[in-house]
Amino acid sequence: MSTLNPTLDHADHADHGDHSHGHDHAHKQSFISQYVFSTDHKMIGKQFLITTLFMMMVGGALALAVRWQLARPWERMPIFGDMVFGADGGQISPDAYTMLFTMHATVMIFLVIIPVLAGAFGNFLIPLQIGADDMAFPTLNMLSYWFMWPAIFLFGASFFMYGGGPAAGWTSYPLLSLLREAAPGSGDAQTLWLLGLTFVGVSSMMGSVNYMTTIINMRAPGMTLFRMPLTIWSMFITAILQAFALPVLTAAGFMMVSDRMLGTCFFVPSGIVVNNAAPTVGGGQTLLWQHLFWFYSHPAVYIMLLPAMGMVSDMLACMCRKPVFGYKPMVYSMAAIAGLGFIVWGHHMFISGMNPALGMTFMVSTIMIALPSAIKTFNWIGTIWGGRVQFNSVMLYCIAFVSMFIIGGLSGIFMAAVPVDIYIHDTYFIVAHFHYVIFGATLFGVFGAIQFWFPKMYGRMMNETVGKIHFVLTFIGFNCTFYPMHMLGIAGMPRRYADPYHFPYLEHLLPLNQFMTASAFLMGMAQFLLLGNFFYSMYFGPKCGRNPWGANGLEWTAPSPPGHGNFDVLPVVYHGPYEYGSPVSGDKDFLMQTEYVPLAQRVAAEEHH
Amino acid sequence: MHWWFPGDGNAYSTLGGKIDDLFYLILVIVSVTFVGTSAALGYALWRGAAIKSDEKVWFSHGSHSLEVIWTIVPSAVLLFIALYQLDVWAEYRMKGFAKEKDGSPKVITVVAEVTARQFEWRIRYPANGKPLKPTPQPDDIYSVNELHVPTGGLVTITLRTDDVQHAFFVPMLRVKQDAVPGKMIPVWFDATMPGNYEMLCAELCGWGHYKMKAMLVAQSADDFEAWKDKASADQFDDGYRKPAE
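Protein sequence lines correspond, in order, to chains A and B.
Start counting the first sequence at 677; every next residue gets the next number (the working numbering).
Start counting the second sequence at 28; every next residue gets the next number (the working numbering).
These are computed hints drawn from the structure, not numbers from a lab.
Ideal placement from N, C-alpha and C gives every residue a C-beta, glycine not left out.
Careful: at least some of the hints might be erroneous.
Here are the computed lysine-lysine pairs in the BS3-like style, where the Cα-Cα straight-line distance is at most 25 Å [claimed, not checked]: (1) B:K128 - B:K45; (2) B:K79 - A:K1144; (3) A:K722 - A:K1219; (4) B:K122 - B:K160; (5) B:K269 - B:K257; (6) B:K133 - B:K157; (7) B:K210 - B:K160; (8) B:K210 - B:K126; (9) B:K79 - A:K1264; (10) B:K157 - B:K126; (11) A:K1004 - B:K83; (12) B:K83 - A:K1264.
Which chain B residues stay away from chain A? Per the calculated CB distances, all over 12 Å, these [what the hints assert, rightly or not]: (13) E173; (14) H175; (15) T178; (16) G180; (17) T183; (18) S247; (19) G266.
Okay, chain B solo, but in the shape it has when bound (with noise of 0.2 Å):
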């Protein structure tokens, strides 16, 4: 019975790790707000049942000090919740389009556009020391339902649909995006451990919406140069071979 966190409940990028915590705070506020309301609500009901016939109610029309308390507790510990979460936001929408700290402008790679259609993933990723172009390329590298992309640094793709709106989410990365018609929308992530991350689409797009299952492959840099290399060298292999000598 594993009704967790999917796999082994960890999450395997930075950000991830944030999100989780995250949860588990809110989870911990919330649990102790539910056990202390419910038990306040149990012990009324307890104490109602229990009334004798000739006691009288509590006959009150409410009170103004108890109205202020739970006034601004609650603001308090919402205001906490809202501004606590702002920061890991700005890391996952934001900061990327930032300055360095020197106020140079941030140099993005982007390793592939990741164009989503009913019902599948087209992937594009260009070829190796070359950063990727907005319109397609002779030498860029395709790849259909399997994203590779390297571990151990920040990474960002740009993400599109063909046709209607889709998203683009992997449980395991904590990761999720909508892809808009019309829009080009840069999501950057790191993968923490290379391994194979299991992709899905996570906003309705069609009768086959369940069946938009991709892989996220995460390799080590080096890993990942290999690939698109011999990716790259089985797509535009055309089964030429010079005579043997």
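Bound conformation, chain A alone (with noise of 0.2 Å):
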């Protein structure tokens, strides 16, 4: 339905306005071509926003489980220990617990984060706000989602395989997960995990030149590209970030596939004996895959983290019934953040024996990267400051938002400084410092968005007390069990040990550990709140009409839900997507993109200020 072409697709539009009741009976599509094999970008995000979620849950157990080992080392877990480790009596062996926290690390980072951001709220999101009836490449869009499936088919399959899932950290730095003989975890458990990585790449990648196609083509009459909400600059901004650093971890990939598999030896230098197996040959270099797999991983970051900084800038101008403060000094600090995001890769390195010159310009570019987020943090309280604030769910959610943000941004610079980075580098203070900007903002983002955009995706609200009650148990196990791991790192507690009290001077860390256990399981529970207000809702939450929230933006013109086509009007724009309690407005607070002011009033309305 979509084409590159706007006069053509202008004149479907038209069509789509006059038989929009007989449309829906005549194109009746099947089960299998409407929920499954769906080319329709709604669906597409729905499947993708549904996915993540139970995948949320999964990395959420296997992190309950890595918790558990550090409050009670050794000892046998119930149920779940119980299921999986039964062979050793419910206990978490060493090497179960590196698998698990591997397993951890990359289904949120690869199934959760960041197809939930770009692969849900973007397919949802990017026609709807620029006014296109679907994506670009609709076809290429489902690819996109069903090529998670094979991803998490072979990340499943690895923990199946002769020693157990891959047990290198999600890092997989070599040689530990390039030599079979190096860990349980290497053998054929981490060649699948690579094949699924590659997949999960390849999904990104189609997503990502759909959105981009689609946002520079497809935008609405009068749709300029300053006129765009910042949730679709943060879209846009991500595909190309995505465009760009992916190929390099794609290759990387491969090499390290092909010095598994076909004897190459990119990443293998000569004379290493591991295990007592035979020395290896080859000329290669370990930290050329630091340098590949961070080239992508450090803008990955970013992916994850844009997307929602764009959706929370929308959702607080919404919920504080003014203007975004600083529209484009948001646009172009996100760009300013990408930018440099390519630049500053080797902070994750600074003591990974790379020329030690290098870690002085990446300690100033990573230092310097703080600017434009402390730019857009002074802008969010600008938008704040002022307004009539909403205190619904999906404003805590924000606020909470910002606020994780601005502890995981100050506890970044921290790490960027070179020479204190020499005593917190892979101590738990960096798990606090990257939990506290995925989960802390993200995440909380992400919960926020749903909320916010669930009446448009199945024209019901989600139930509002509800809401509450998993934002503030959400808040405080969260905090609970996030903000000590700061005092673990500064105390000098390595990450990925299975059991720390077996040093001396980590021993009394035990009790604060298992007070952050308990948090973490409040936290979990505090997930089925969410799923439960989700898919009850989506039958038996109450309807709602297109704008329930008073909102600006394109997607508030469409029906709730919207129908194939999106629009039954062709939107035409004439305002940026944040005039709210704008003084040509009338008697009511916002002013709709599509919503056109004489220019009689616009003059009256300046003179009477």
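Once you've looked at the hints, go ahead and assemble the two chains, each given alone in its own frame, into the complex.
Here it is in structure tokens:
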């Protein structure tokens, strides 16, 4: 249905408008093409959303197993431990522990955070917010969802390989990940993991190409670049980041697969003896993997954050009933984060043995990336300042986003400073930092976005009270779990330790870890409220109209839920997306992007003020 | 409840002290920023909650001068943080390679070669009065999971790994360096006080990553020499004694 030719597109739209009622019946789709192999961006977005929500529970369960071991080392884990580690008496063995945290990170990063942002919300919101009837390449879009499933199966199957799941951390540093003898999980499991990663990459790449094309070519009349909602800007910048960074990871992945299976030596130095195996041959460099991996994975951190930043900007403006403060600085700072994001990867490698002179340049660029983040934070506070704040669950999630992002951003400065990083590198300090950014910021933003756009997805509202309870429990659980990790890091507790209490200087941290684990379980249980609220509201929530929040974006001019082709009337855009509380908006406090205000009225309003 | 730096909170190396100072400096800057932004956020929310129903919101799309202020001020602070750190880093990783003040090349005496492997540390020292050679010598002294170093001056070790990547980490001295397959990495530090400092691995190296428990034993130079003599005597002792006369 979509086309790159705007004139044809418009003609098509007019056609929709005329026959909007008969249309549904005329093209009744089969169950398969409507719900399974759908090419409709909204259905694909929902598929991504529900898949990632379930994956979030899987990743969360893995995290709770990790937390169990840290609170009750070597004790029988009830239920989960009996099921999975029955042979070991329900006890988590040290190699199982390495598999748990490896897969926790893998699931959360590649199957939750990246697809929930770009896959779920990118898909759902991009055509709706720019006034297009679908993505530029609907079939490619469908494939991008279905390429997630081979990845899920490969990651899942890796657990059943001889020796167990991949156990080299989500960063998979060679030689641990590369030589089969190095770890029980470095057998076939690691190969499957690498292939799974490739599928995730292909899925992201198909999305990225689609988003860029759609945003460039398919905007509604009047939707200039600087009238796009910040969500669209963030998705656009994210898509560019993915397009430039992902090929590097894919290439690195193939290089490692070829090292493992074809006997090449990209990452293998000669003369290494692992577990009494024959010495390796070759003249490779293990550091090469780290460079290639982080060249993707550092921009990927921003892929995991920018879309949430954009969505929160949209939600904050709506819930404070006033325009986003400094729209253009917001756009420029996102662009700056993306640009700088490509020259900071070395800060993951300060103590890796790379040329120490590089540490200096990477430190300066890394610390400077805090600047656009700071500008964005100030602008969010400016957006709230002087507004009429609606303290609903959406707003609460957004406040948590800003507040947790402040903590996560500031704790990053410690690691960016090379000398301090010497000490806190690979301790729990970094674990605290990235959970504050990825969970505290991104995931709270996602929770808000679910609550905010749910009415557009299903035509019903989510329950507000349950939303608030979920927020409070998650917020408390989150902070009680992750804030003490800063203290663990300062106390010198290294990450990825199955039993830190093996070391006398860490013994006294056990009670603190037990408190954190209890908080983590509270937080984990609270997510069932979200799932319950989500699925209950899908069928039984109160029905809502087109624009339940009184928001300005184009998506709110479409029916809830929008039919195939999205808009019954072709949207024409006259304003930016944030004209809340505008003097020309008459007796309401918002001015939709499609609402035309005659010149005389605008002049009158200006004279009045 | 001791949730701060390990031990009594002090760093037992000169560089460690500097690292702690920088940590506290950043902590102060970051805390002030956190309190400031959180107060602003809290105040904005409080005002937003208290706004009267007939009151209009502040209809503003932004302020150019505010943007300029909150671009320039943070960038000045951030640049200060970045540049202020450079010297300590240079001391930790680079100045050891630099020439002496009179232009002559710096003489680096390597105390030991530390080789990490799954899951232990093997340490090789040259015999007293000899320099450490890159390849093992017949009179080298070996120890496992116990690294002896002299106090009082800069100590250089050569860090290697036999198998996968590891990291040499002595929390009380604030020293950390990855051991990379195929590379020999010089690490220098000093121990200001004699004592035993825990030493561990900080880079995932397999299932036994958590059990690479070792001890760094800092001794006065004399004690260190004496220990090496004793260790050498123990190592090369074959049990043969001259028959009693």
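**Asked** Which numbered hints does this structure break?
**Response** none
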